[in-house]
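Enquirer: Sequence:
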Amino acid sequence: MVKKLIRNPAGSKDWLPDEVVKQEYVKDKLVDLYELWGYQPIQTPILINRDSLTIASSKLTNRALSLIGETGNLLALRADLTTPIARVTAERLQGSKLPLRFYYVGKVFRYHARKMTNERELFQIGVELIGKKEGNADLECLKIFLDSLEKLGFNKYMVLANHACLWSELFKCFGNVARELYKALSKNDLVLFENILLKSRLTLQEKAFWRALIKIKGKKEILSEIRKISRKIRKFNVTKIISTFKKILDIDEKHVEIDLGMTNDIDYYSGIYFEAITPYLGRELGGGGRYDELIGKFGLDLPAIGFSFCLEDLLLALENQGKQFPAFKPPSYVKSKGNIKKTLDKIAMLHRKGKSATIQL
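Position 87 of the sequence shown, counted from 1, bears residue number 86 in numbering that gives the first Met the number 0, the numbering being contiguous throughout.
Rather than coming from a laboratory, the hints here were simulated on the basis of the structure.
Model, not experiment: these values are computed from the prediction.
Beta carbons are placed, not taken as given, at the ideal position from N, Cα and C, and that holds for glycine.
The reader is advised that the hints may include incorrect statements.
[Unchecked claim] Simulated pairs of lysine-lysine, DSSO-like, Cα-Cα distance not exceeding 27 Å:
1) K206 / K182
2) K155 / K21
3) K142 / K206
4) K231 / K218
5) K28 / K106
6) K328 / K340
7) K334 / K352
8) K245 / K150
9) K155 / K253
10) K182 / K198
11) K231 / K198
12) K182 / K231
13) K234 / K182
[As the list claims (entries may be wrong)] Distance ranges between label pairs, derived from CB positions:
14) D31 / R351: 24 to 30 Å
15) D344 / K28: 33 to 39 Å
16) S11 / K216: 51 to 57 Å
17) L191 / E292: 24 to 30 Å
Throw the hints in and build the complete structure from the sequences for me.
Expert: Structure representation (structure tokens):
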């Protein structure tokens, strides 16, 4: 009788020793960097109350793997790490000296597998800077994000940035039309975007404004272009946004671009948001932004900004780039020669010298 193989659930995988060595290399590089910046480690439970997701975001609730506890209470496996950190900040860190600087490394679980990779179990690594409003805190966070990519040895990458207040201004000026156009852009559906424009009651000048706006992407040269087209729309105030963009670009002109067509989740982000792209991966490599309203949903009104990477994506991109990872170094093998105590003593001596050794079996 042939035994039936019990395989892993779809979307999960085993990591073999040589793969784990690569994982640890990436994690150690990033943890060392975050600690140099003064960030402390934090851990939260994998098993959480589903209500904490409901409070934070309906999108997270829909992503989560849910289950029922022994007493009938609704539980879930965490779908991200920012939300549990927001909860623990509100519950246990009231009155703490601000800002709080945390980094985390941990698994998250998704009910729906990622479309391109079929993964439902992912490693996330990232930072949260809590308790300071936008300004230098944003620049610090963005700089650490850039340093992360540099530290890992990426030779081709770009960080794209935008600001949620740009969309707030557009919603004020154009109302529901702007919201519909935003939804179309969020789906990367430019045909729908154009159809909404054509069917709208916007003037020809306003339609031309929208078509030009979403194409604005680049470095400092685009700031004057933003000023120029903003004058065409009454009460469209982008002075503060342009000032922020200039500071962002000053951090690293080579690797940062402003992209006004980048939408992300503006129901979540309240300030700058950004993502990294590289030719070695067919999707974003990591991202983050300012989320000033999240912690307040758990009862403590604190601004915050952060970012995260998916470890699997970092590894895949580095491998596609041709990155050479340190290999596992096998130990020295010590023969017992019939006297196991002497063998163990010799191995202990080698261990005290920091050398890897084991019994030759």
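Enquirer: Look at each hint and say if it fits the structure.
Expert: Status of each hint after checking the structure:
With a C-alpha separation of about 17 Å, the suggested pairing of K206 with K182 holds against the 27 Å cut-off. Between K155 and K21 the CA atoms are separated by roughly 20 Å; this keeps the pair inside 27 Å, and the hint holds. Pair hint K142 plus K206 does not hold up; C-alpha atoms about 36 Å apart against a cutoff of 27 Å. For the proposed pair K231 and K218, the alpha carbon gap of about 22 Å is at most 27 Å, so the pair holds.
Taking the CA atoms of K28 and K106, the gap is about 18 Å. The hint holds against a cut of 27 Å. For the given pair, K328 sits about 25 Å from K340 by alpha-carbon distance, which is consistent with the 27 Å threshold. Between K334 and K352 the alpha-carbon distance is near 19 Å, which keeps this suggested pair within the 27 Å criterion. The suggested pairing of K245 with K150 holds, with an alpha-carbon distance near 25 Å, which does not exceed 27 Å.
Among the hinted pairs, K155 with K253 is consistent with the structure: their alpha-carbon atoms are about 11 Å apart, no more than 27 Å. Restraint check for K182 and K198: satisfied, since their Cα atoms lie roughly 16 Å apart, inside the 27 Å limit. With a C-alpha separation of about 21 Å, the suggested pairing of K231 with K198 holds against the 27 Å cut-off. For the hint linking K182 to K231, the alpha-carbon distance of about 23 Å falls within 27 Å, and the restraint holds.
Under the criterion of a C-alpha separation no larger than 27 Å, the hint pairing K234 with K182 is consistent with the structure, at around 23 Å. Hint check: D31 to R351, Cβ distance near 25 Å, so the stated range 24 to 30 Å holds. The beta-carbon spacing between D344 and K28, approximately 36 Å, falls within the hinted interval of 33 to 39 Å. Between S11 and K216, the C-beta spacing of about 37 Å breaks the proposed range 51 to 57 Å.
Range check, L191 to E292: Cβ separation about 28 Å, and the 24 to 30 Å hint holds.
Hint compliance for this structure: hints 3 and 16 are broken, all remaining hints hold.
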